[in-house]
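Let the sequences and hints guide you as you build the complete structure.
4 protein chains.
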Amino acid sequence: MPGRTLLQQAVPVTLGLKAAGWLAAVRRSRARLRELAPRALKLQFGGAAGTLAALGTRGLDVAAALAEELQLALPDLPWHTQRDTIAECGAAVGLLAGSLGKLARDVALLMQSEVAEAFEPADRDRGGSSAMPHKRNPVGSVVAQAAAARVPNLVATLFAVLPQEHERAVGGWHAEWETLPEIFRLAAGSLAHVTEIVDGLEVDAARMRANADGLGLLFAESVAVALGARIGRPEARQLVEAASKRAIAGQRHLRDVLREDAAIGGHLAEAELVALFDPQNTLGASAAMIDRVLAAAQE
Amino acid sequence: MPGRTLLQQAVPVTLGLKAAGWLAAVRRSRARLRELAPRALKLQFGGAAGTLAALGTRGLDVAAALAEELQLALPDLPWHTQRDTIAECGAAVGLLAGSLGKLARDVALLMQSEVAEAFEPADRDRGGSSAMPHKRNPVGSVVAQAAAARVPNLVATLFAVLPQEHERAVGGWHAEWETLPEIFRLAAGSLAHVTEIVDGLEVDAARMRANADGLGLLFAESVAVALGARIGRPEARQLVEAASKRAIAGQRHLRDVLREDAAIGGHLAEAELVALFDPQNTLGASAAMIDRVLAAAQE
Amino acid sequence: MPGRTLLQQAVPVTLGLKAAGWLAAVRRSRARLRELAPRALKLQFGGAAGTLAALGTRGLDVAAALAEELQLALPDLPWHTQRDTIAECGAAVGLLAGSLGKLARDVALLMQSEVAEAFEPADRDRGGSSAMPHKRNPVGSVVAQAAAARVPNLVATLFAVLPQEHERAVGGWHAEWETLPEIFRLAAGSLAHVTEIVDGLEVDAARMRANADGLGLLFAESVAVALGARIGRPEARQLVEAASKRAIAGQRHLRDVLREDAAIGGHLAEAELVALFDPQNTLGASAAMIDRVLAAAQE
Amino acid sequence: MPGRTLLQQAVPVTLGLKAAGWLAAVRRSRARLRELAPRALKLQFGGAAGTLAALGTRGLDVAAALAEELQLALPDLPWHTQRDTIAECGAAVGLLAGSLGKLARDVALLMQSEVAEAFEPADRDRGGSSAMPHKRNPVGSVVAQAAAARVPNLVATLFAVLPQEHERAVGGWHAEWETLPEIFRLAAGSLAHVTEIVDGLEVDAARMRANADGLGLLFAESVAVALGARIGRPEARQLVEAASKRAIAGQRHLRDVLREDAAIGGHLAEAELVALFDPQNTLGASAAMIDRVLAAAQE
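Chains as they are written, first to last, in this note's numbering: chain A, 915 to 1213; chain B, 915 to 1213; chain C, 915 to 1213; chain D, 915 to 1213.
In case anyone wonders, no lab produced these hints; they're calculated from the structure. Accuracy of the hints is not assured; some may be wrong.
Where chain C lies over chain B, by a calculated footprint (3+ residues, C-beta under 8 Å) [claimed, not checked]:
no. : stretch
1   : 1063-1074
2   : 1188-1196
A few chain D residues that don't get close to chain A, going by computed Cβ distances all over 10 Å [claimed, not checked]:
no. : residue
3   : Leu-929
4   : Arg-942
5   : Lys-956
6   : Ser-1027
7   : Val-1029
8   : Ala-1070
9   : Arg-1082
10  : Pro-1095
11  : Arg-1099
12  : Gly-1128
13  : Gly-1142
Chain D residues, not near chain A, derived (Cβ > 12 Å throughout) [stated by the list, open to error]:
no. : residue
14  : Thr-928
15  : Ala-954
16  : Trp-993
17  : Leu-1023
18  : Glu-1028
19  : Val-1075
20  : Asp-1113
21  : Val-1117
22  : Arg-1121
23  : Leu-1131
24  : Arg-1169
25  : Ala-1202
Glycine included, C-beta positions come from ideal geometry on N, C-alpha and C.
As structure tokens, then:
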């Protein structure tokens, strides 16, 4: 498949490398949530000002017993208006929602009629389009991208209310009540849908290969690099650029255009030229990179 | 000083407990930044699609050498459009800005003319008010609170652009360029100002004691607890509530009102009554809590 | 009452001027909503791409009939992915929530134990504090300030999803579904509470006068202006500043300090001095300003 | 060109209808800015509390003269901490940035290699891709979409600081200083780039027609409507859906598949069938809609 900006094919990449990127991001989110747990799962217990004064001399003992009962860590002091860990929880879950949104956006872009390289799974429960019988609705991508659009601003609310007054806030604390659960709810919904997408992703490998091949322009860079080693980079680049323009103008394959170019032909043998346009030869370190991600994931 | 909601005094707390809360929050921010470093300080190196194909078979070696040269960790794969760690950096610094904003807000509230318990340091460079010669401008609190108001939405921008397209984004990446440095700049400015505030905080202990004493209402809860142990909580609460209302109506000290209350007098001896209104006896576990925070900070 | 920064009393203002500011802001919100209505209350009707092609030649007629039935304006063309008017609705309601939050913050600051100039109404349904019998909970201020903290980021979501794809969005549209009603819900809740606050605001005029008087420092500027007309502004300012410092140091009233100051006494007669410390003489154009706001409100 | 969700072609639309949507949105932004002007271009003048007391009895006269000198409207009262109009300015400009971002996103999606229906103008100053000689960089789309990603959160900052304290804020006001100009700067940059895009947009009409035609699936709805008038909608839909599946499976044109379908052939004559697949016949009210937008724009 083409490695792409949204706009343009650049050089070939494999779906595997793209998926390894998705996986690595989700694993970073898991690592963050694990790091965060001991900081976040902490008792908050205290009277109006947190001094535990109403419990006489037994305040700390009661707190310790309660923490043990609830299986929460015991904080050094009350944190009723020190909400950084609450905001941190929202941020950690928000990062997950964002990474899932990236995955969903990639899938949605691949599903476009004109690209058509990969698709969300068809599903009894998902239903087809009401207007177009042959269409498959991107339900999961929609949910994950809507979540990724909403969560950042909910996270911002948690950060915005960090400056809470004295020992008890007027409004700041209350702004968290619906906001934090909403972040979890949206991220959980996104995760459920993205899991379904990933489990059932339908890939059209033939179409991928066709899109990647096209006029062969994806391989222009490889050619320029190979040619540059013989005749210098600037001249190689200029020649390949001119050939690319001729390929586009004539809707011919770049390999064929290059073959006819006297200025190039002398420097690249036919076998070499064919090899330069073989996607397998232009994947660089992709396989090794994917292996590293998978190895880390299996630890 | 009174432990307060923004609005009302609740029960007595010490400035030390409040400051321990500030310290613990800043130390959590430091812990977060340390945890984050190995994830964040990572090489990003790759061509248009990150496959390192343009470097032939030496892509990974070049990447490793570059990472060593730059003293950055080597990522498993390119992350040009997997920006979660960038957003995480913004969030971690944003949490610091928020905690500093909380400190600044507390100080600003304490500086109010009618409270007047603590003040930002006077400073040659800070200048007085132009209109009111006797005023001291809260320069640092202003800077820290403005930063705490702006940073959350800059963090939201980093989260919002996480769904970047394919291997190279159209706009999402570019939205980070000014945003991330702005977060660091604002947090650093806030930190500089808050450091000055904390280093030179001027405390009016007499005023604190006076504010905390007032009509003695801050101690109503202690009295209700002590009395409740003798006559039951509901009745105790009712008696203390009625006495509090009389104290407010007559602008008399609650201790004096209680002393005259036959229903109460029989249950609380004079010495006990005096002790109940001694702030030192109503600080609960404050001292132990502060010690724990300081001990952790000195590790 | 003192005109204040959060931190410090500046010069005297009346509660009336403050309330006129609240009123003017709410009236601007009403004007905005009225301007917006013809833009916002518009039919959205169209098939998958908005061309009304499925209705043959009668598309526009059907649209016109539907608009009339629903009492909505007829748009020039479908706007399914042109959502600026939706975002504008959120913004207009968000501005109202912000202005109500400003009112609520002012009230909350006035309710502080140490200020105690105005209070939310006591109410059967609002209940007292659970811990402190004599406390009145600022329920309305809390609700309005929590709403003012949450709404801005919900508005940001509506703005963030404006770039919706082609004729039908993948996620952007769906992110509006819960967000826009939430903005209305929060603003409506805030409005209900603030209406109650304003209807029943309890004002302690004696306390206001006392807070404004204090050591008389609020009137330092008036004195400096009056004195400056005789001896030049720089010298007047210097003298008043020195007197203010002596007033604070000795906890004496500035008027008394000034009276004893030979350098000043010669220039300000006793009657003049007394008049300078009369709040009624230092309200400037406040009354005229309030009249203008009230006149505009009664139109 | 196909009317699209991001993902899938739906029914045919013209580029003209899409552009009319862009135009209508920009014109709504202009209308908003004009409505806003008399509210926004207002004098703010006043001493520490806005009473103009320092100017004696001439406060309002001085204010009026200053307003005239600056060609600003005269407000009824000072609005130093009533910032709704400032936030409204940010919102109005933010809506423009969002609408421009929508235009830029549409163009970016059209520029994709696999779609290739329209392109930002090539330009001496824009430069080609460094890695791929034949690529055209979407400079303007990038700028406009980055602006549309950043502006919403800057607007949120202006809304978040609306609850400013009393007569002078601690931080809220200061948070506006860099934020409001940034919104204007980003929107202005976006506008400059989008103007260039629109002025020089290169359209590949042949490619549009080819993309719209494809297997003819874009016209499935038209066929189902026409057929439904004869044999009932449910049955028509079922038949067309089955035919569409066969068209996709066999990579044949839907028209040809329908022609061979005995169940359909009897109801649709050949001329009718051809007409149903002529894009000109499936544009519904597009032309009339475009005319309305253009007429409104020329007023």
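Okay, the hints, checked on the actual structure:
1. 1063-1074: Result for this restraint: holds, n = 3.
2. 1188-1196: violated (count 0)
3. Leu-929: The claim stands: Leu-929 of chain D keeps its Cβ more than 10 Å from every Cβ of chain A (closest is about 16 Å).
4. Arg-942: 22 Å, holds
5. Lys-956: Consistent with the label, Lys-956 of chain D stays out of reach of chain A, its closest Cβ about 28 Å off (over 10 Å).
6. Ser-1027: Label violated. Min Cβ-Cβ 4 Å, cutoff 10 Å.
7. Val-1029: 5 Å, violated
8. Ala-1070: 7 Å, violated
9. Arg-1082: 18 Å, holds
10. Pro-1095: 21 Å, holds
11. Arg-1099: 21 Å, holds
12. Gly-1128: Gly-1128 of chain D is in fact no farther than 10 Å from some Cβ atom of chain A, at 8 Å.
13. Gly-1142: About 12 Å separates Gly-1142 of chain D from the closest Cβ of chain A, which puts it past 10 Å; holds.
14. Thr-928: 17 Å, holds
15. Ala-954: Fine: 25 Å to the nearest Cβ keeps Ala-954 of chain D off the interface.
16. Trp-993: 23 Å, holds
17. Leu-1023: 7 Å, violated
18. Glu-1028: 4 Å, violated
19. Val-1075: Non-interface label on Val-1075 of chain D violated, nearest chain A Cβ at 10 Å vs cutoff 12 Å.
20. Asp-1113: Fine: 19 Å to the nearest Cβ keeps Asp-1113 of chain D off the interface.
21. Val-1117: At about 16 Å from chain A, Val-1117 of chain D clears the 12 Å cut-off, so the statement holds.
22. Arg-1121: 10 Å, violated
23. Leu-1131: 6 Å, violated
24. Arg-1169: 14 Å, holds
25. Ala-1202: Non-interface label stands for Ala-1202 of chain D: nearest chain A Cβ at 22 Å, farther than 12 Å.
Hints 2, 6, 7, 8, 12, 17, 18, 19, 22, 23, counting from the list given before, are not met by this structure.
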